[in-house]
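Just so you know, the sequences run in chain order A and B. The opening position of the first sequence corresponds to residue 1 in the numbering used here, with each subsequent residue numbered one higher. The opening position of the second sequence corresponds to residue 1 in the numbering used here, with each subsequent residue numbered one higher.
Warning: the hint list may mix true and false statements.
Unchecked claim - The list that follows gives simulated cross-link-like pairs (lysine-lysine, BS3-like), each with its CA atoms no further than 30 Å apart: (1) B:K515 with A:K196; (2) A:K217 with B:K255; (3) B:K167 with B:K88; (4) A:K217 with B:K217; (5) B:K25 with A:K196; (6) B:K88 with A:K57; (7) B:K88 with A:K588.
Since the hints were derived computationally from the structure, they do not count as laboratory data.
There are 2 protein chains.
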Amino acid sequence: MLLAICGGPGGYAQELMPAPQQVVKRDGRLPVRLGFSVAVSGPADLRLYAETARFVKRLSERTGLFLRPDDSAGAAAALQIVVRRKGKLELYEDESYQLVVNDRGVRLEAQTDIGAIRGMETLFQLLSGDSSGYYFPAVEVTDSPRFAWRGLLLDVALHFMPVDELKTTLDGMAAVKMNVLHLHCCNDQGFRVESKIFPRLQNLASDGQYYTQADIKEIINYAGQRGIRVVPEFVVPAHTTAILVAYPELASVKKKYTLQRYFGVFDPVLDPTSEKVYTFLDKLFGEMAALFPDAYFHVGGDENTGKDWEKTPHIKAFMEARGMKDYMQLQTYFNQRLLPIVRKHGKVMMGWDEIFQPGLPKDIVIQSWRGKEAYYSSVKKGYRAILSNGYYIDLIQPASFHYLNDPVPDTVSMTKDETKRVLGGEATMWSELVAPETVDSRIWPRTAAIAERLWSARSVRDTDDMYRRLDVVSLELDGLGLRHEANRAVLLRRLAGGWDVQALGILVDVIEPLKIYERNEGDTMYTVFSPLTKLADVAVPDQRVPRVFRRWVMEFFGKEDEIMKQLLIWKNNDSAFRVLLARSPVLKEAAPLSESLSALGEIGLEAMSFIRAYRPPDEEWSQRSRGVLAKARLQSGRCELQVVESVGALVERARVQ
Amino acid sequence: MLLAICGGPGGYAQELMPAPQQVVKRDGRLPVRLGFSVAVSGPADLRLYAETARFVKRLSERTGLFLRPDDSAGAAAALQIVVRRKGKLELYEDESYQLVVNDRGVRLEAQTDIGAIRGMETLFQLLSGDSSGYYFPAVEVTDSPRFAWRGLLLDVALHFMPVDELKTTLDGMAAVKMNVLHLHCCNDQGFRVESKIFPRLQNLASDGQYYTQADIKEIINYAGQRGIRVVPEFVVPAHTTAILVAYPELASVKKKYTLQRYFGVFDPVLDPTSEKVYTFLDKLFGEMAALFPDAYFHVGGDENTGKDWEKTPHIKAFMEARGMKDYMQLQTYFNQRLLPIVRKHGKVMMGWDEIFQPGLPKDIVIQSWRGKEAYYSSVKKGYRAILSNGYYIDLIQPASFHYLNDPVPDTVSMTKDETKRVLGGEATMWSELVAPETVDSRIWPRTAAIAERLWSARSVRDTDDMYRRLDVVSLELDGLGLRHEANRAVLLRRLAGGWDVQALGILVDVIEPLKIYERNEGDTMYTVFSPLTKLADVAVPDQRVPRVFRRWVMEFFGKEDEIMKQLLIWKNNDSAFRVLLARSPVLKEAAPLSESLSALGEIGLEAMSFIRAYRPPDEEWSQRSRGVLAKARLQSGRCELQVVESVGALVERARVQ
């Protein structure tokens with residue numbers, strides 16, 4: 001019996017993320033029982049066999065059933081996968097699939113094994129349980145991605161990330177059907193990939209923290225297994241202090257360089273007038289192009305200050321001789337020299353907004369980070385583009401903000417051809433302020449919202465429903481080994497210096513780190529040595545408690561009890577917090593926030609009394625409450641309370657009744 | 001002012017583990033402030049400089065102070081380290097140190113940099129905090145280990161453990177001053193180290209799960225950095241199915257072999273009459289001896305059933321021709337052939353109890369696992385020995401049991417020479433029933449108790465105090481990245497299928513997996529594919545709640561309120577548990593335990609009523625309570641409730657009053 005035809009907002013299966021293009025719920029279910037197995041037919045790549053084994057293992061670990069990989073079941077297998085051809089790890093590869101679950105079995109059909117892998121993730125999300133046992137509900141899913149490029153940039157230069165961190169990140173990406181890991185391999189703080197031709201790069205300019213070529217192959221193989229491409233970025237000509245530490249002769253300003261310990265934008269830059277630089281890049285990029293098999297090769301190109309060019313006589317002379325008016329024209333010249341090098345090694349060149357300058361051919365890909373104007377304009381001028389502006393997950397903005405950031409919004413008119421040139425988008429995890437211990441808490445579960453934006457229909461944009469499903473996906477990611485939740489507890493225990501972290505947890509649940517670029521004010525507060533184990537590190541974006549409290553306050557009627565219960569918890573929390581503070585001086589920076597939270601709880605409760613008594617407060621109370629609210633807005637420990645405006649709304653409600 | 005001269009039970013500094021040989025507390029403290037730095041003088045190995053940087057990083061991460069590595073402070077550095085010579089990573093190396101903390105600074109003196117590294121761990125454990133900030137309390141510590149060999153065997157063959165798991169394990173070992181990681185590299189289920197000479201070993205007999213030689217070098221380097229030796233074990237002649245999968249021509253019974261998927265003792269065994277076997281072992285051990293630089297090389301030698309020898313005509317004939325009465329004599333012959341091979345590659349041969357047979361020279365080292373008799377006897381016969389019997393941490397026995405297991409107990413008379421031949425001991429983490437996700441929860445924090453047994457004085461044996469300090473060390477290990485606590489939450493969430501795990505946690509807190517060899521009954525229940533994500537995997541040894549509850553019941557007077565509060569929680573827990581069960585069928589096996597816990601809570605409360613009313617219960621109640629206790633003793637999900645006898649004691653107290 002047909003229960004519902006879905007697709008679009010509110011219509012997709014309850015827990016799926018990203019929402020498939022079409023879901024038809026049917027009556028019935030397929031029980032998952034001992035002996036559950038998978039059969040593959042069609043000319044699949046070997047990766048599919050490994051992925052079916054991984055699927056069975058995950059199913060076994062979730063259900064507790066003692067399943068074993070078994071490829072001898074044939075037609076008797078509960079899950080039948082049919083693919084038409086081997087998938088290729090390349091842009092535009094077909095990732096569509098059809099999934100049919102009924103009482104007798106599951107049939108998963110796809111053009112390629114990569115599509116089948118996407119379909120298996122959908123199937124895994126469908127797994128349900130009740131008193132009769134585990135089962136897959138009967139359903140028909142027809143699905144394919146809206147955009148071909150659904151990426152995550154992981155910056156392993158500013159803070160290095162171990163191989164295992166990359167592997168779990170890839171597991172998380174696969175779970176939400178992302179297909180590009182963009183590795184930001186070097187920057188002023190370090191060069192993170194072993195070069196056999198230029199070993200000084202890793203030996204002198206990595207603090208010993210780099211991937212061997214064997215590591216890189218392992219990562220690429222692990223990604224490929226999940227149908228994920230790995231695109232490397234070697235940023236030039238600026239952000240190259242690490243390269244200049246190893247090879248100072250390539251610099252515009254000749255001097256001894258040391259690794260940059262701060263984060264930000266710096267002047268060191270390659271010398272675009274030196275043939276040595278192009279010879280070096282030819283060899284280095286040749287080596288890296290061979291190591292990273294993907295067809296796309298990212299050369300950065302961003303944030304050149306131009307200062308070291310403009311102050312260096314021979315470079316200035318070079319510009320004048322060629323009639324270049326500013327350093328951007330010199331950078332275009334540099335890019336024009338770079339392009340044949342990248343092409344020679346069989347790659348398509350990618351770069352950030354800044355490489356989009358007159359004089360470059362149309363086969364390059366622009367990754368847009370600075371704003372929508374440049375992005376639309378590069379698409380309109382015939383370039384292919386990837387959107388990252390609006391997907392900067394390091395900036396601690398809410399998932400809903402990223403979610404509603406459409407690469408092709410319905411408010412912008414684009415021709416069909418222009419739309420086709422929008423390849424997709426990339427979430428960017430810059431690592432100034434994250435260590436391996438905390439990076440997952442910035443990426444997950446939020447990136448699943450971006451993954452949905454890039455996979456699902458434009459019309460899927462109900463943020464409440466997104467947050468509801470994000471909680472579900474978050475649990476799946478937690479079970480996959482991502483540490484966004486598990487490490488919260490570790491950080492809390494370290495901060496509290498003990499096992500009892502309840503009071504600290506209640507406080508941390510309502511604070512977030514300063515957003516955008518505020519936390520590291522003026523780029524002067526943090527260095528690569530700074531501990532990332534403090535209040536602002538355990539505080540995460542998208543806190544749930546403030547979000548839920550805000551909703552209660554907005555609804556208000558029927559929510560009074562919840563509101564008052566919550567306010568009472570906050571009011572009483574500071575005294576318990578002070579017990580922790582007495583033995584953990586590291587919490588000193590949290591004390592003003594804890595005090596303010598307690599005060600917010602108190603004035604919130606008072607406001608509720610006025611409201612419930614239908615009695616407006618006097619002016620003295622109003623003034624005192626404004627004082628509490630103002631104080632509660634102050635940052636401390638590079639964090640801010642997220643419930644001030646909600647309590648302020650209660651105060652206002654009391655005042656204007 | 002001298003506050004206390006300590007040493008021995010109860011006298012060591014409050015939180016130190018292992019307890020130092022002598023601690024003298026002084027008056028005063030050294031505040032830890034911004035700019036805290038370390039200076040090293042004397043001819044230290046480079047490892048010490050890396051370790052001081054790691055120390056500063058840990059200090060920074062714990063205190064939140066923005067410390068930076070700085071080796072320019074010289075005499076102004078707060079921590080002055082003085083060493084006399086470079087330490088060597090070898091048995092008997094000097095690990096002693098002296099630590100003096102006063103108001104002006106810390107002075108850490110040691111013969112070797114390895115001793116200095118041990119002292120830094122003590123210093124880190126001394127870190128304290130109060131409202132004035134972080135500080136080291138003034139103290140004088142004089143310390144050295146009781147035994148030279150303080151090891152942990154990690155079995156990476158039965159279940160493979162990733163490199164990162166080994167690294168955090170090494171961090172944990174270093175924190176409690178252990179100095180040998182014994183890697184059990186191969187067994188019937190897999191061969192886990194890349195051989196360049198015999199690549200079929202890893203290619204055909206590892207399921208793709210093995211360490212490359214680069215990985216091994218990385219692990220050895222990481223261990224060496226912390227003053228930890230890595231001793232490899234390549235078990236022969238039995239437990240060699242993996243080798244025979246790759247090279248069946250080496251087998252006693254010639255046939256095609258497949259990797260063993262079960263755990264236990266199996267018949268496949270090398271052919272001791274074949275010269276090919278010795279040629280193979282010469283080459284393989286030569287390669288591995290070069291890869292693992294330690295002077296000791298473990299050849300296993302355990303659990304040969306002898307069946308494949310006794311049933312094979314040419315081997316039987318070989319034995320008869322040499323007048324060998326049983327297969328053990330043939331194994332001695334095999335060992336006699338093995339010994340010159342191991343020696344030729346510059347190594348001292350080690351093996352399990354079974355290699356201790358007449359006819360082997362005295363320079364081998366016996367690792368004792370089967371019982372104390374064989375152990376004492378090998379020491380008395382002139383062999384050097386390592387105790388593992390009593391340190392089998394995979395068997396889920398209490399830490400107190402391991403703690404009181406002394407390698408040279410005062411109940412045994414040994415000459416001074418005999419005592420000297422006791423090198424120390426090794427905790428053994430066999431991995432039949434652990435995955436990377438759960439292995440930490442079996443090793444930690446319990447292994448710290450064994451580490452103390454092997455480091456501290458024999459007289460340090462107060463188990464209550466050990467458990468108290470174990471809680472402190474456990475938190476330190478948690479902060480270092482060990483996952484014994486963090487993954488408990490992950491496993492609970494996966495089992496509960498949701499974020500709210502309170503009811504499940506209350507149940508899991510009072511159960512432990514079946515002990516000794518009961519869980520995997522008859523070696524027939526688990527295979528290498530079995531999920532290790534179930535009730536028996538989240539249940540850990542040494543549960544604290546039952547231990548504390550037992551103490552309350554024993555003390556009783558003054559603890560009645562705590563007892564009743566706890567009983568009430570248990571009584572009410574089953575209804576909350578059933579809510580989880582309704583969506584998580586995997587919890588079905590926990591339901592009988594949850595029911596029993598609830599029933600225990602109920603009869604416990606009833607018993608308390610009788611006791612408080614000075615009124616003995618009637619026979620009907622006594623009979624019913626006996627029924628509840630009997631039912632509560634039944635295992636379910638390979639686990640047992642740990643509070644049955646304590647509730648039983650309450651029932652008994654009610655009955656006999």
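These are the hints, each one checked on the structure:
no.	hint	verdict
1	B:K515 with A:K196	52 Å, violated
2	A:K217 with B:K255	36 Å, violated
3	B:K167 with B:K88	21 Å, holds
4	A:K217 with B:K217	18 Å, holds
5	B:K25 with A:K196	54 Å, violated
6	B:K88 with A:K57	44 Å, violated
7	B:K88 with A:K588	43 Å, violated
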